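Novice: So you can see what is in the structure, the chains are spelled out below.
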Amino acid sequence: NAGVTQTPKFQVLKTGQSMTLQCAQDMNHEYMSWYRQDPGMGLRLIHYSVGAGITDQGEVPNGYNVSRSTTEDFPLRLLSAAPSQTSVYFCASSFGGSSPLHFGNGTRLTVT
Amino acid sequence: AQKITQTQPGMFVQEKEAVTLDCTYDTSDPSYGLFWYKQPSSGEMIFLIYQGSYDQQNATEGRYSLNFQKARKSANLVISASQLGDSAMYFCAMRAGSYQLTFGKGTKLSVIP
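From first to last, the protein sequence lines are chains P and Z.
Mapping the first sequence onto this note's numbering, position 60 (from 1) lands on 400, and the numbers just tick up by one.
Mapping the second sequence onto this note's numbering, position 13 (from 1) lands on 137, and the numbers just tick up by one.
In case anyone wonders, no lab produced these hints; they're calculated from the structure.
Small disclaimer: the values here were computed from a predicted structure and weren't measured.
Treat the hints loosely; a few may be bogus.
Straight-line C-alpha distance at most 25 Å; calculated BS3-like pairs for lysine-lysine [to be verified]: (1) Z:Lys140 to Z:Lys232; (2) P:Lys349 to Z:Lys232; (3) P:Lys349 to Z:Lys229; (4) Z:Lys197 to Z:Lys232; (5) Z:Lys197 to Z:Lys127; (6) Z:Lys229 to Z:Lys127.
Interface residues of chain P toward chain Z, partial, derived using beta-carbon atoms under 8 Å [what the hints assert, rightly or not]: (7) Gly382; (8) Tyr388; (9) Phe443; (10) Asn445.
Backbone N, C-alpha and C fix where the C-beta goes; we use that ideal spot for every residue, glycine too.
Excised from the complex, chain Z in its bound form (with noise of 0.2 Å):
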């Protein structure tokens, strides 16, 4: 069985400073894949970041990277730059053998101006 654990319900960031949600997972599949997505209030799920268990390097797009420790089990998102926009829901997610997409409870990111 699969799962992703986020352990922090709600975090606060000042603007234009970077930030880190933590994410952890667990799976005896040996190839895998984690996601990251963002839920504004708006409701609608944006997706961010992907990060392959082959994956010799930590996936960046744009200001989002994703600090994969394999040994640990982390995928960790780093949101540099802060913005208020930034203020959402954030879901880690992992896809291990199959096509499924297990989910985390979620990080409610607020961004301080």
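Bound conformation, chain P alone (with noise of 0.2 Å):
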């Protein structure tokens, strides 16, 4: 009953630092993503998948990389950490249509 795992809870980088923030669904979702939450912004679209070996950019792409070579698992990668990354990033999973995403717990990453 995991739903959505994400890796880590906290993370501080310091600028020019790289980093990989994991993300698994054990729910057979065809839909994955990843979305940051800054304050009075929402949550804003990074990276999305519809389905192993596909990738799409979302609103916010720059600075992060993306790959899905399984159905489970979508990691997000921060090349190279700016102050401008500091945010509470979540992976979310669907099966689209009518289903909601589910989310998982959330990682606040802080660059300094």
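Now that you have both chains on their own, put them together as the hints suggest.
Specialist: Right under this line is the structure:
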């Protein structure tokens, strides 16, 4: 009964460092996505995938990479962290249509 | 392009009273769905209610109902008999023509005892 699992929960990076946020779901959802949440901005879509091997950019993709080699996993890579990437990151998955997004518990990232 | 507008950054409601959180949307797609999520201070995103554009009746889930006015492009969330545990951020979101959800900026609801 895991749902969407995100790791880590907290991370502090120095400017220029790289890291990968992990996301896994066990609901066999085709669709997976990454959002960032900033105060007063709601949730903004970074990247999404509609199936293994297929990814596309969302509203705010710059500075992030994704890949989808399996249905279950959808990692988000920060190539060279910047203070502007300080945010809370959510991974989410869904069947699409009328099916709601199921969210992970979030990763709070601070870039100094 | 799809857009969701939530015009109330913050709202206060007395415990046991009803409250309406506003949401307007914009899309040219005739087929779309509207979702409401709750985010308590602990940070998780909790799905509350869904309304499809072709649904004939307003959606209800327990104390939550969705006042869907298609001509006005509004999908307001109504919470009846507010409880202290309803204090949270509330997000309206829309899916139109694809898998992605577009979110509004949210409304912070505070329930006063």
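Novice: Less than 8 Å between beta-carbons is the criterion; does Asn445 (chain P) satisfy it with respect to chain Z?
Specialist: holds (6 Å)
Novice: Given a cut of 8 Å on the nearest C-beta pair, is the interface hint for Phe443 (chain P) held or broken against chain Z?
Specialist: holds (4 Å)
Novice: Quick one, are Lys140 (chain Z) and Lys232 (chain Z) close enough, alpha carbons at most 25 Å?
Specialist: holds (18 Å)
Novice: Against the 25 Å threshold, does the CA-CA distance of Lys197 (chain Z) and Lys232 (chain Z) hold or violate the hint?
Specialist: It holds: about 22 Å lies between the C-alpha atoms, which stays within 25 Å.
Novice: For a C-alpha distance cap of 25 Å, please report whether Lys349 (chain P) and Lys229 (chain Z) respect it.
Specialist: holds (23 Å)
Novice: With chain Z as the partner, please determine if Tyr388 (chain P) meets the hint condition of a C-beta pair closer than 8 Å.
Specialist: holds (6 Å)
Novice: Verify the proposed pairing of Lys349 (chain P) with Lys232 (chain Z), using a straight-line Cα cut of 25 Å.
Specialist: holds (23 Å)
Novice: Between the alpha carbons of Lys197 (chain Z) and Lys127 (chain Z), is the straight-line distance 25 Å or under?
Specialist: Holds: Lys197 (chain Z) and Lys127 (chain Z) sit about 11 Å apart, inside 25 Å.
Novice: Hinted pair, alpha-carbon criterion (25 Å max): Lys229 (chain Z), Lys127 (chain Z). Please report holds or violated.
Specialist: holds (11 Å)
Novice: Should the interface hint for Gly382 (chain P) be scored as holding, given a Cβ-Cβ cut-off of 8 Å against chain Z?
Specialist: holds (4 Å)
Hint violations for this structure: none, all hints satisfied.
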